[in-house]
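Protein chains: 2
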Amino acid sequence: MIAVDWGTSSARAYRLAPDGAVLARREGTGGILRVPEGGFPAALTDMVGDWLAAGETRVLLSGMVGSRQGWQEAPYLACPAGLDALAGAVVPVPFAGATVRLVPGLSAEDASGTPEVMRGEEVQVFGALARGDEDALICLPGSHAKWVRVAGGRIAGFTTSMTGEAFAALSGHTILGRMMTGSAEPGPAFEAGVARSADDGGLLHHLFGTRALGLFGRLAPEDAASYLSGLLIGHDVAGAMTEPALVRLVGSGPLMALYGRAIALRGGEAVAGDPDSAARGLALIGERTEWM
Amino acid sequence: MIAVDWGTSSARAYRLAPDGAVLARREGTGGILRVPEGGFPAALTDMVGDWLAAGETRVLLSGMVGSRQGWQEAPYLACPAGLDALAGAVVPVPFAGATVRLVPGLSAEDASGTPEVMRGEEVQVFGALARGDEDALICLPGSHAKWVRVAGGRIAGFTTSMTGEAFAALSGHTILGRMMTGSAEPGPAFEAGVARSADDGGLLHHLFGTRALGLFGRLAPEDAASYLSGLLIGHDVAGAMTEPALVRLVGSGPLMALYGRAIALRGGEAVAGDPDSAARGLALIGERTEWM
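Residue numbers (full-length UniProt numbering), protein chains in the order written: chain A, 1 to 292; chain B, 1 to 292.
Only chain A is shown next, with the shape it has when bound in the complex (with noise of 0.2 Å):
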């Protein structure tokens, strides 16, 4: 089977065995904003042709590709739901050549009615469940982060944070990114960020902190950016993870490290999920799926 997580600005393609083991990945040239009106059977084709050519029939895509920007768009699925859901629901997509299946994204509420969506990262947390974990926290870092709640082997739930956006913008268009020089880093600065998060007076005061201890000489240019990092992911942490968990962390790059540090500093403990995570989740979704 082919399976390609397909994302808004990245594509990624996984050629898997029968028994869901990874033969070949590799990265496609963009994600869905990158490719034309009707243009998804070429770029599908330019992808992975030659796996295709070479005698796979099935293909399986997650992420954006189901979106009403995508491809072709695939309802939402409300949680809770499970892999056999998820499976079920499944949306056919013409092609010539292949069978071509859009694994549905999730929605749901929260406590006070609020939606949340989300379009690929559901089969990057089936993906990242150790082999007979029923319950589980998950947090997928980013620009918006997702903290996903498993429990008996289904997703019972999720919340988004703005956490990455808002340090973008916060460090790019306020008064903090004048006092910041450099990138945030695990470290003192980013662990006191943390700890910062945890007192009284809320983020927005918080914030204004940062630029108190900078004026102050207490927090130098070099740091602050790794504080207002602690800050945020403390605070992200914080709404989060309710009392101290075990979360299984899905993704890669900086923000893994960073994660796991606010979540030790809280009491929890953080374990890196396998980053073929989308590739694990494809694989036992379409070990599931009704391919005729």
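In short, the hints are calculated from the structure, not lab data.
Computed from a predicted structure; not experimentally measured.
Don't be surprised by glycine CBs; every beta carbon is placed ideally from N, CA and C.
All the pointers check out, no bait thrown in.
To be clear about the criterion: a stretch of chain B counts as covered by chain A if any three or more of its residues have a C-beta under 8 Å from a C-beta of chain A, and this derived list gives those stretches:
#1 152-164
#2 191-204
#3 209-222
#4 231-241
Chain A is fixed; fit chain B onto it per the hints.
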């Protein structure tokens, strides 16, 4: 006496009767950022030269004019500080033709030792207190909103929140701005944002909810700025007004109504302070100042 509230971007001058009554008020041509190096004596003469020529001999200044970027630096006075302490710490400024004094700003630390500073707001706070009021919670909305606790007639401490600047950065430089038309107004959308700020999950999660509500057609583009403003002001109020209280609001413009509504929704009561609170505060300090 002449009183001047001289800030970063604006200046306001008052001619006061011996009992503190405002005989005349005028806007200066700009804040300290508009004054060239060495230009403060000329700027003061431009602003109030006719009042000096008419016989006034005392000028009391407050605000950023006493900062390093201003006319002369007046070192911060540490909280707690009352009117007598401020009057005892005024800094003389050389000026031909009148006795000019600068009121110092205040510094404080919050419970965790993070520093806080203000220049000018301390004068407004004392001017806003009702006669005989020894204890109060005072809020000065703005880019950097100040919350000031008055106890026993002195400023006991204060905190600053980056509420206004965060609103500008988030509405101007994140995905939230792309779904917004219009500006923040009191009304149902603002109130929904304030209500949301009381939910679990924290501000970073609530920010994403603004986006999600828009995606699902449950928040109209023309209501999104009001909702975001309600979220941020709601979080600001929750962080600073830890239990329902009477809050005296100092300032002017649309933020006054928004803060007033948010304080009421969180169980407090807001009253608007005197718009000429700076003049009244400077009069009270001037009475206590040793002018010779």
